[in-house]
Structures are given as structure tokens and as C-alpha cells.
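Novice: Chain residues, written in single-letter form:
Number of protein chains: 2
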Amino acid sequence: MQPLKQTPRNTVRRVAERGSFDRQLAYDILDEALICHVAFVADDQPMAIPTAFARDDDQLIVHGSVASRMLKTMSTEMPVCITVTLLDGIVLARSVFESSMNYRSVVALGTAKLVTDPAAKLAALHQLTEHLAPGRWEDARQPSEKELGATSVLTLALEEATVKVRKGGPKDLEKDLERPIWAGVIPLDLAAGDPVTDPTGAGIEAVPGYAASYQRKQPAGRAVKG
Amino acid sequence: MQPLKQTPRNTVRRVAERGSFDRQLAYDILDEALICHVAFVADDQPMAIPTAFARDDDQLIVHGSVASRMLKTMSTEMPVCITVTLLDGIVLARSVFESSMNYRSVVALGTAKLVTDPAAKLAALHQLTEHLAPGRWEDARQPSEKELGATSVLTLALEEATVKVRKGGPKDLEKDLERPIWAGVIPLDLAAGDPVTDPTGAGIEAVPGYAASYQRKQPAGRAVKG
Numbered sequence: 244m245q246p247l248k249q250t251p252r253n254t255v256r257r258v259a260e261r262g263s264f265d266r267q268l269a270y271d272i273l274d275e276a277l278i279c280h281v282a283f284v285a286d287d288q289p290m291a292i293p294t295a296f297a298r299d300d301d302q303l304i305v306h307g308s309v310a311s312r313m314l315k316t317m318s319t320e321m322p323v324c325i326t327v328t329l330l331d332g333i334v335l336a337r338s339v340f341e342s343s344m345n346y347r348s349v350v351a352l353g354t355a356k357l358v359t360d361p362a363a364k365l366a367a368l369h370q371l372t373e374h375l376a377p378g379r380w381e382d383a384r385q386p387s388e389k390e391l392g393a394t395s396v397l398t399l400a401l402e403e404a405t406v407k408v409r410k411g412g413p414k415d416l417e418k419d420l421e422r423p424i425w426a427g428v429i430p431l432d433l434a435a436g437d438p439v440t441d442p443t444g445a446g447i448e449a450v451p452g453y454a455a456s457y458q459r460k461q462p463a464g465r466a467v468k469g
Numbered sequence: 244m245q246p247l248k249q250t251p252r253n254t255v256r257r258v259a260e261r262g263s264f265d266r267q268l269a270y271d272i273l274d275e276a277l278i279c280h281v282a283f284v285a286d287d288q289p290m291a292i293p294t295a296f297a298r299d300d301d302q303l304i305v306h307g308s309v310a311s312r313m314l315k316t317m318s319t320e321m322p323v324c325i326t327v328t329l330l331d332g333i334v335l336a337r338s339v340f341e342s343s344m345n346y347r348s349v350v351a352l353g354t355a356k357l358v359t360d361p362a363a364k365l366a367a368l369h370q371l372t373e374h375l376a377p378g379r380w381e382d383a384r385q386p387s388e389k390e391l392g393a394t395s396v397l398t399l400a401l402e403e404a405t406v407k408v409r410k411g412g413p414k415d416l417e418k419d420l421e422r423p424i425w426a427g428v429i430p431l432d433l434a435a436g437d438p439v440t441d442p443t444g445a446g447i448e449a450v451p452g453y454a455a456s457y458q459r460k461q462p463a464g465r466a467v468k469g
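Which chain is which? The protein sequence lines are U and V, in order. Going by the working numbering, the letters in the first sequence line up with residues 244 to 469, in that order. Going by the working numbering, the letters in the second sequence line up with residues 244 to 469, in that order.
Take the hints with a grain of salt, since some may be wrong.
Because identical chains cannot be distinguished in the list, a pair is counted as satisfied if it fits within a single copy or across any two copies.
Stated by the list, open to error - The calculated lysine-lysine pairs, modelled on BS3-like cross-linking and capped at a C-alpha distance of 25 Å, are:
| id | residue 1 | residue 2 |
| --- | --- | --- |
| 1 | Lys364 | Lys418 |
| 2 | Lys418 | Lys248 |
| 3 | Lys407 | Lys315 |
Source of the hints: derived by calculation from the structure; they are not laboratory data. Quantities reported herein were computed from a predicted structural model and do not represent experimental measurements.
Based on the provided sequences and hints, a complete structural model is requested.
Specialist: This is the structure:
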């Protein structure tokens, strides 16, 4: 597997040991996360907009309304940045200065491509749906031609990208270690609650497996296959 | 309380009912969240970088190393965007097209200001620390003059900002409601695990209240005051 592409502008300069160009590590982070933030420039104003995404091999996929400013801007092949962040904990060091967060992030730079071929669009929407809930695509009503036409799909190749990871306990200065101050980590994780069935319509009560046993951090994806 | 400032560029155009300029709602979202994504432009490349933040009245505060590219760029009074997103659930509609996410976000635009006055810097760091764990500032070793000098603090006034909220169940087309497809919401929330005490140093085992009973969504802040 090819490593990610290191360039002067994506080289981690500060706390360099947190940076990595390990492609598999990037994929693991991307496959665990549910949303990304897309940075783009509109009228000289940088914007960071949250949106759903999925990964298909070395491509990041985002989608939305054809009327979306974000997607219209991305379609013009302007440079963009897609950032995915998992927050893993609060690190309380003995000093305020060394206190920190545990996290894993991927920052991917490049130019997005508009997917125009209907079959490729459908495949991308399949990937987006299955990323959230493996099995849902077959259960749900799939997009009509009209819905497909109202949807823009864009891909960004994972080439120039950086992984950053901060993990473990506080790294206090030697001179602070003997202070009578509790130090440690408060672990954080995105947790799923019990599914809430929509009360309208046909009243299907049987919650499918991928919703009932929604669990993150499964090695093979986010949800237990239903 | 003044509403947030609506301008042509921050007006929510699509699904307009999700947009709001309610300042109190913005504050509630900001006070619950732990990280933001800062969008800025460096060498014509937009970047979105995750970082800790806090709110002090109508100011967003970010900080980091004086060597940080993000903070150095922000210090030049270039336009930036600070986005805070809380992911609240996965919405599984009967159709793939109407499937969505529940979320609350604040997108703030403007120009950041470098805080140079040492007392104001210290006050900002106090705010950042207390945002994560109310009570920690008094417990921890506070920044030395040297540490303060190595830290950049920037503020962004909450003026031109947009709140977006998607909540509730799926909004299927009428014609899809009677399909025999389960539909509903998988609620999501960032959950804290048991604090992990750092094994090095003086070996203080007594976990302070703000770490032991770390809970989000408290009306008066994130953690229960210790």
C-alpha cells in the first residue's frame, strides 16, 4: 500500500511525532468517522462545512443538493481540504500548558471531481449509505432518476494527506510530576443510543440489526451487519 | 440579546428552516462542544484544522503554539471561519434520498485578533481550561511566563455567524410512508468513560469531581463542578 504523499505544505512541523503518512491508519480513521468538515473558499472567505462522507478505496466521497454552494464551489476544481477528526479524550496534565486532547485526524488536500456518470453516482450513494449503516441500501428505497439528478456527488483522491494522532496520558515536565495534582485522561467516544422508531407511516416496529446493534469501532465497519 | 448578523454570504439558502441567527442557541451549541474546526487559507490552499476552543461572552477563543501555521495565519487578520458541529444522530428515512443526520452547528466568519496583553492571555487560557473541566484551573499548575510567551491566543467575535439545526425523525415523501421499511433515528452523543489516572509521578489517586463525574449537556456547562 502506497503511503500518503508528503509535501512541504502538509508536513507536520510542530510535535512532528504526531504526524504520519500511513495510508492504512488514514483509512481506519476515515472508516470510523461519520462526518467530515470541508474547507473551501467562496468570495475570498474560507468556509468549513460539516457533511457526511464515505471512503471508497483511495477516494473520499461527499454529496448533497445540486444547489449547495459547497458542492458547486468544489465542482469548479478549486482547491479544497477535507478534514476528519475523531475526539478520543481530554488530557488533564498537572500543568495547564501540557494539558491537551487525544484525537485522530486526517487532513486531505486536493481538487475534487464531480461524478457525472449515473452508475458511478449510484455506486457512490451506495457507499455513503453503507458507510452509515451496512445493509441499509438494500432495505431502503433507492434513489429515483429524479433524486439522482437533484444530487451532486464529488470525490477527492486521497493523495496529499496527513494523519495526526495524539494518544496516551499527559506528558508533564519532570519538575511537575511530584506535584500533588491528579492527572490523567477522560476518554471520549461517540456513543449510540437506542434507535427511535418513526411513529408515522406503516408502523414497522422491527428494528433492523444495523440500527439495533449500532456500534462503532467494529473492525469491519461501524455497525454490526444486520 | 442581539441576534447574530445575517449577510448575503451567511444566509442559509437550502432547507432554510434549518438556519437561524439566534445568538443564545449559538452559545448553547458552543458551550456544549469541545472542539472546533478552523478554516483558513495558506498559499491559496484552504485548510480545516481541528482545535480546542472556548467562548467568552461574544468571543470565540483558540490557542496554540506561537509556531503554529494556523495561528500565524490567523494573526495576519486574514478572513477565517470557525465551525463547531455536534452530531446528534443518524436519520434513516425510508428512502435513501431523505436519509440524513441530526446535528447542530455554528459557522462563524470574520477576522481573528491576536491577544497580546498578558493578563488578557491568561484570562483566555483560564476560559479554555474551565470550558473543558470547570475547576481545573485552580487545581492545575497555571502557566509560567515562559509558557505564556510560547502560546498564541486569538479571538474571533461572534458577529457574522449562522446556526444550523436538523433534529427529529425522517421526513419521508408521502408515497414512501406505507412502505414496509423500518425508519427512525439512531441517537448519537459524545460519551465520557471512566477517568484513567496517570501512573507516573506523585501517584495522586483521588480523581477530582470534574473528571470523575464528567458529563456533557449540563445546563451550566459540560462537567459537574467538582
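Novice: Taking the hints in turn, state whether each one holds.
Specialist: Here is what the structure says about each hint:
no.	hint	in the structure
1	Lys364 <-> Lys418	between (58 Å within a copy, 24 Å between copies)
2	Lys418 <-> Lys248	neither (39 Å within a copy, 48 Å between copies)
3	Lys407 <-> Lys315	between (29 Å within a copy, 20 Å between copies)
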